[in-house]
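J.: Quick mapping for you: the protein sequence lines, in order, are chains W, Z, G and U. Heads up, the first sequence is in the numbering used here, so the first residue is 260 and it goes up one at a time. Heads up, the second sequence is in the numbering used here, so the first residue is 260 and it goes up one at a time. Heads up, the third sequence is in the numbering used here, so the first residue is 260 and it goes up one at a time. Heads up, the fourth sequence is in the numbering used here, so the first residue is 260 and it goes up one at a time.
In case anyone wonders, no lab produced these hints; they're calculated from the structure. Source: prediction; values computed, not measured. Accuracy of the hints is not assured; some may be wrong.
[What the hints assert, rightly or not] If we take Cβ atoms under 10 Å as the criterion, some of the chain W residues that face chain G in the derived model are:
#1 Arg277
#2 Glu364
#3 Phe416
#4 Ala505
#5 Glu506
#6 Lys509
#7 Asp512
#8 Ile515
#9 Phe534
#10 Gly535
#11 Ala539
#12 Pro540
[Unchecked claim] Below, a list of computed lysine-lysine pairs in the DSS-like style, where the Cα atoms sit at most 25 Å apart:
#13 Lys390/Z to Lys487/Z
#14 Lys309/W to Lys553/W
#15 Lys309/U to Lys281/W
#16 Lys484/W to Lys309/Z
#17 Lys587/W to Lys484/Z
Backbone N, C-alpha and C define an ideal beta-carbon position, used for all residues, glycine too.
There are 4 protein chains.
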Amino acid sequence: MINVGVIGVGYWGPNLIRNFIKNPHTHVNVICDLRTERLDSLRQIYPSLKAVQDYREVVHSKDIDLVVIATPVSTHYPLAKDALLEGKDILLTKPMTLTSTEAEELINLSEQKKRHIFVDHTFLFTGAVNKIKELIHNGQIGDLFYFDSVRVNLGLFQHDVNVIWDLAPHDISIMHNLLNEYPESIVATGAGHLGNKLEDVAYLTAYFKNNLIAHIHVNWLSPVKIRKTIIGGSEKMLVWDDLDSAEKIKIYDKGIEIQNVDREDRHRLLVSYRFGDMYAPRIDHTEALSLVVKEFADCIMENRPAITDGEAGLRILRILEAAEQSIKTEGANVPIGYLKEI
Amino acid sequence: MINVGVIGVGYWGPNLIRNFIKNPHTHVNVICDLRTERLDSLRQIYPSLKAVQDYREVVHSKDIDLVVIATPVSTHYPLAKDALLEGKDILLTKPMTLTSTEAEELINLSEQKKRHIFVDHTFLFTGAVNKIKELIHNGQIGDLFYFDSVRVNLGLFQHDVNVIWDLAPHDISIMHNLLNEYPESIVATGAGHLGNKLEDVAYLTAYFKNNLIAHIHVNWLSPVKIRKTIIGGSEKMLVWDDLDSAEKIKIYDKGIEIQNVDREDRHRLLVSYRFGDMYAPRIDHTEALSLVVKEFADCIMENRPAITDGEAGLRILRILEAAEQSIKTEGANVPIGYLKEI
Amino acid sequence: MINVGVIGVGYWGPNLIRNFIKNPHTHVNVICDLRTERLDSLRQIYPSLKAVQDYREVVHSKDIDLVVIATPVSTHYPLAKDALLEGKDILLTKPMTLTSTEAEELINLSEQKKRHIFVDHTFLFTGAVNKIKELIHNGQIGDLFYFDSVRVNLGLFQHDVNVIWDLAPHDISIMHNLLNEYPESIVATGAGHLGNKLEDVAYLTAYFKNNLIAHIHVNWLSPVKIRKTIIGGSEKMLVWDDLDSAEKIKIYDKGIEIQNVDREDRHRLLVSYRFGDMYAPRIDHTEALSLVVKEFADCIMENRPAITDGEAGLRILRILEAAEQSIKTEGANVPIGYLKEI
Amino acid sequence: MINVGVIGVGYWGPNLIRNFIKNPHTHVNVICDLRTERLDSLRQIYPSLKAVQDYREVVHSKDIDLVVIATPVSTHYPLAKDALLEGKDILLTKPMTLTSTEAEELINLSEQKKRHIFVDHTFLFTGAVNKIKELIHNGQIGDLFYFDSVRVNLGLFQHDVNVIWDLAPHDISIMHNLLNEYPESIVATGAGHLGNKLEDVAYLTAYFKNNLIAHIHVNWLSPVKIRKTIIGGSEKMLVWDDLDSAEKIKIYDKGIEIQNVDREDRHRLLVSYRFGDMYAPRIDHTEALSLVVKEFADCIMENRPAITDGEAGLRILRILEAAEQSIKTEGANVPIGYLKEI
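Please take these sequences and the hints and turn them into a complete structure.
T.: Below, the structure is given as structure tokens:
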């Protein structure tokens, strides 16, 4: 049995707790938050949980194996460092830390301490992402042309990071997972309107090899909620609408082909369009977070790295930092430096 | 009665012809196209129309007052120049010409010849754009935060311009018309996948004063058709879905307000969300192109410039050229130079 | 060449005229309406058409082979009778006549005169209906369980018939065509709210053999337009949304199976659900009315009956009359009498 | 503190338990089900709950004030009777019992024992129903013309009642609540396809005074989930789409007016259409079941009847029984007998 302590029980923490309680190999011992009303509200549901306000009671406890850190991102690094130093495995919500330097230090520390770092990129465990991955990897989509993702709605406004750091980690982790490639450079634009320095609307282009292009649109000030990803390939195109509960993924047998026709009398392009059927495969509806918890528990028990380990978290931070640099210079193209293989 | 000759009867020409026929002040004398099957097909509907293959029979005809040029954009300049030299008023489909230099030359020529240049930016005459303009101008939206426009579908692929030149003129003309401001700089990214040099997917950010930001996403390779514009303001936010025949415009009484609270004990932000009603105003459904034709006929009869005259067409070309330059340098920020007042 | 005269150029007449003009085997000689403004408006588009106000100039003309009657339904019978007596083929818009007695008389007269009666049930010629028919007839849907059709919107209010006579002929003709069976009895309910005696909201149940049931909901007072048909079968289920331009027909691999388990210890049902993929086949988008015109022209030239001949029109009238009788008695079950084989 | 025992923890029971746990005035002491796996699964979340398999341990317990009965409907009557005889207040899921005779007996018994009967018609406590009620009652909708409700999806198939008894109680309770009137007669049609005697598709028309008509369509075999109610009135029309999380209720300023014009020369109708704006009011999103629990707790503490008491449950049963009788006779019009005032 893996004993779990959870620090931070605001928006996402309670979901993690619920799933760690349901998992047969994990047991939640203690929850921690500065706000007692949150702790009280959770203890109404789970009266047997121990609740503390001082995170050190979690980190230093000998009864805890895995420390789950679901606090604002600016506190991730110090909490995670303390936990690793105490020999705990750690699970961080996304994004992993505020800087890649912090992330690298945690990765080094975890290697030294032979402990796990897990980052909760939940979307990688959804039925939708797994289905799309399968379609891409078995060749049905063909050569990839573009990846376009829109993630907009009103709020939840973050106080310590801008909208890219808040929302784009979802899209970037999905992009890495599906495209199985790392971008060469990033261009980002955006603006903030709420009297602080944080962008609330932002656009990110990622250039890959072979004319593959990705684009992410994130917005905290949209009156409507949109969660839509379009992927274009040479053989098929697909739309993933995460808000469509009935038909999340639609695969279109559509495309364009262009032939260069070079005859004596003229040089022109022949364009042919392919308009075929659409189909929407059945998607597994298992709650992704239960699979996240299962995977991390299995990794601990089998002593193997997770697909969303510290390195995966760091790769996303590098994109975020490049985007930040680009956005501050109003769209400069920022190359991504050397990185370990995905 | 204004006598009209139409050159180019491919996709858009027949719509112009139908509306010029319906207008009580205009009369279509002659139509012209290289492809006889197109001419034959139109003469089946309008047997009284004269049809020619040589455009000079239109441009040089003494019976023609207004020459409508609905041909591929690369032919706009020579056709328009000939027509102006012959003392005709001219109507060009969008975009006006291939370069701003060509457009400037046509504008100069038209001033010299005291003739009209009209550019058919049809969307400015739709009930939707007029309603949004009214809402912005009477202050209901408040300070503008962002303008986000998506115009994607499969084809129609153009042979002489990329997807930005083909589709974005719609969005740019709407953006100018609604925001009533001119951007300071442009960042554009994109990629092409069809063996020619033309981008088929592109993203354009326009930076305005006062943190106003606009973004345009155009794509020829999307499996689904999307025509959606979101505008965020300090008072209201609106979504225009041009494919929703019943409720094209939805206005949301939603927003975020942030106060900086600076107390002794802490410095933090207070965020308050406003979630109010939505309403969808009734939109005028008059065919926009009939209003375009009416406006241009009125301009000729009253000898006044149109809101979509040569200058308006040129302003859009400058954005397109900046976008082109940015896209070729993978996202460099390209400032827009001095321009006459909008 | 088949010479056509069209009586009635209100809402539907102009569509018929346009398609008869386009068809290579038909020629429109004369159009007729009591309202001169309608005639003038059509002559603006087709200056060569002869226009008259007295229908006898159509019916008695020696230059006319086919008389198209697109007038209010209460005038169908006298106009059609005159035309048949003059030896013309006739085309009636739906519903064929006001009563089955009128329809029978016209059928007898047409047999005597060896002339064609065509009824314009346009929907039977749409790509959607043909695709569904194909799916049903090749067994993909399995045994049919139900046919549910909703056809509601605001207006167009008719003056001489209620909403069932106005809208349900579409659904009934589709139902006959797809199910290839004739109902045994009808139950209809409804109500009128506009100070006349005509129902504006109505519901019609048709009982078939083998537990197949059909239901039609028609409404002139709905704030939203809905055109949706759901068909349930033992193997597949399908939804036809005629307002969805991209994916009109969706076929679901879904179902329920129930086994009676009779063991010693208990008697209970085992229910198993099948939730599979959905697919939306590509639909032919040829304008249905052009195929209607083609079929009727072919029938005249090949001297064969149409699938929507007088008998087909009469079968629909019998359902409408049964529905009328049921609705007047607030839901009494009205059996359908003997009818020729479909 | 009201002590609660819950019998039946299948689909709906756990939701009731969660809300009784959250309510500050109620306390769940014991849960009961024949299937131990269900009890175990709940005790994983709420380890402090006592779990039993014999319902008599709930009904006869001196520690229980309110017995919640969330079992299949065929068991409601004996369980409720036992609980009332033991002097407990009872809460029954819908429909209240299998017959109106059973319901009357329970009502009599509850009066004799001075105990409460609550029926969980959850929808009456949703923000949507309350908003619609407000709109109707303050006159915005005008005179009511029709109420049309569709509730279809695949499953969940019930073993002891047909689809009308399973799903229509929702629509009937909403209809009573909104229209504030009781129907005069019922016509119902339907069919079953799964080898048992239970209808899986059914249609119900309710006739009210003054030409008001209601229609309910319920279906267990629909490939798509629809939860849509349309209400037409003389002033406004509204659509409630319960699956639209953003804009559940849309109110349309649309209508038709007809004037009888009686002039010397002709007698005809003048029809005028009103096409105005649409608006979607903000809806309260409080979980309805928490309000159900609050209302019932308040009723017990204040010793007053609930709006969904035994009488309310009985009124719905009378409609269900009339529908049953009509459906068995293939659509006969079944009058509703004398009933206490709503």
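J.: Which earlier hints turn out false for this structure, listed by number in ascending order?
T.: When the structure is compared with the hints, numbers 1, 2, 3, 8, 16 and 17 turn out to be violated.
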